[in-house]
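Construct the complete structure from the given sequences, taking the supplied hints into account.
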Amino acid sequence: MNEEEIAFRNEVRQFIKENLTAKLRRAGTNMTSVFADYDCALEWHKILHRKGWSAPEWPEEHGGTGWSPNKQYIFQRELKLANAPALMALGIQMLGPILMHYGTEQQKSDYLPRILSGEDIWCQGYSEPGAGSDLASLSTRAERDGDDYVVNGSKIWTSFAHRANKIFCLVRTATEGRPQAGISFLLADMNLTGITISEITGLDGTVEQCQVFFNDVRIPSANLVGEENEGWGVAKYLLEFERGGHNYSNDHQKLLAKVRDISGEQFSNNGLLYKDDPFFVSKLAELEIDALALEITEQRIKSSDNPGALTSVAKLVGTELGQKITELSVDALGAYIAPLQSEALEIDYAGTVIGPSNAVTTSAEYINMRASTIYGGSAEIQRNIIARAVLGLR
1 MNEEEIAFRN
11 EVRQFIKENL
21 TAKLRRAGTN
31 MTSVFADYDC
41 ALEWHKILHR
51 KGWSAPEWPE
61 EHGGTGWSPN
71 KQYIFQRELK
81 LANAPALMAL
91 GIQMLGPILM
101 HYGTEQQKSD
111 YLPRILSGED
121 IWCQGYSEPG
131 AGSDLASLST
141 RAERDGDDYV
151 VNGSKIWTSF
161 AHRANKIFCL
171 VRTATEGRPQ
181 AGISFLLADM
191 NLTGITISEI
201 TGLDGTVEQC
211 QVFFNDVRIP
221 SANLVGEENE
231 GWGVAKYLLE
241 FERGGHNYSN
251 DHQKLLAKVR
261 DISGEQFSNN
271 GLLYKDDPFF
281 VSKLAELEID
291 ALALEITEQR
301 IKSSDNPGAL
311 TSVAKLVGTE
321 LGQKITELSV
331 DALGAYIAPL
341 QSEALEIDYA
351 GTVIGPSNAV
361 TTSAEYINMR
371 ASTIYGGSAE
381 IQRNIIARAV
391 LGLR
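Everything in the sequence shown is counted per this note's numbering, starting at 1 for the first residue and increasing by one.
Each hint should be verified, as a subset may be incorrect.
Result set (PhoX-like, lysine-lysine): computed pairs, CA atoms no more than 25 Å apart in a straight line [said to hold, decoys possible]:
hint, residue 1, residue 2
1, K254, K46
2, K283, K236
3, K80, K23
4, K108, K236
5, K108, K166
Derived Cβ-Cβ restraints for the label pairs, each shown as a range [to be verified]:
hint, residue 1, residue 2, range
6, A136, I354, 45 to 51 Å
7, E119, N269, 50 to 56 Å
8, L273, H62, 49 to 55 Å
9, E327, R383, 35 to 41 Å
10, K324, E5, 27 to 33 Å
11, D147, D348, 44 to 50 Å
Think of the hints as simulated: they come from the structure by calculation, not from any bench. All of these numbers come straight from a predicted model, not from anything done at the bench. Even for Gly, the Cβ is constructed at its ideal location relative to N, Cα and C.
In structure tokens form, the structure reads like this:
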């Protein structure tokens, strides 16, 4: 870092010191997936918005900061290492850039300020019971009726749909030609007549995913983003931000710090603390080297004007590396990983926990991390994209 960046880092640290309350810090510490406690995430969002820092990667004309990629990275890392709760990223990270690129002026003026302020919380209606990684096979249908589209079908694995007040979704508006050719991109209010939500309880006992049903839902045609039947291009552009917009290397630093803490408390079978066990230390060192390599790669990708398929590299390596780090945490905790202590993750929990404090989050973290190589496009899909679009293989 140069002197300007060091001064910026110090400014961020001072802001965190003054604004990140103990409750908000606990919400970030207790995160076991990409989502924090909903109320705490919104509170932190509003604090950042008042400072003008809720969407640092957005252009200044839309309320962003105008920071360099290095400053953006420093900012995100300082928040992560301070255990700040993550914001609801679907609006800021994904839909915002889509609207800037494809949206009408009316759509930009209606939605971007409310995403920036946290007034609107968006969920993503892509996957369906019969269309996940093969997203082009989706069947949720939208038929034009006057000034509306009438939508029927369902979406599944819709993150935080039970909390969101808006949804952006892919729908089929034509059946002729290639499957990708008849898809459109629509925006909708979650309170429209005909939309119902079924919550899905995860293996860790929490609700983050939902199934959303559409039964003759009327969505104004003014909510179409881009052209009718050309939503596939919009969807692919969005996936660049979903796959490459996330700072996996910052997540890894938080996870690696946890492994180091555990290794200083737990003993291996040979009676040594894990931090003194040569075999464990060598495995940890390998992961730290991989994390550093990914960090450099992410910075190169974010500095590119058109990262394109390179975002699949970040997504693939970032998610698989995250799984390896949580696996090492599980190994080091031994029997303490067995109890599922979901209640201890509640913000106001004041009871006792079984084993080290790290054991409270690691079990659920490990479970949630198994899904990371599926959502946003499976690892197999990412490898195919890399083979074709990055390596030029056929």
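Next item on the list: Starting from the hint list further up, note which numbers the structure goes against and sort them upward.
Entry: When the structure is compared with the hints, numbers 2 and 9 turn out to be violated.
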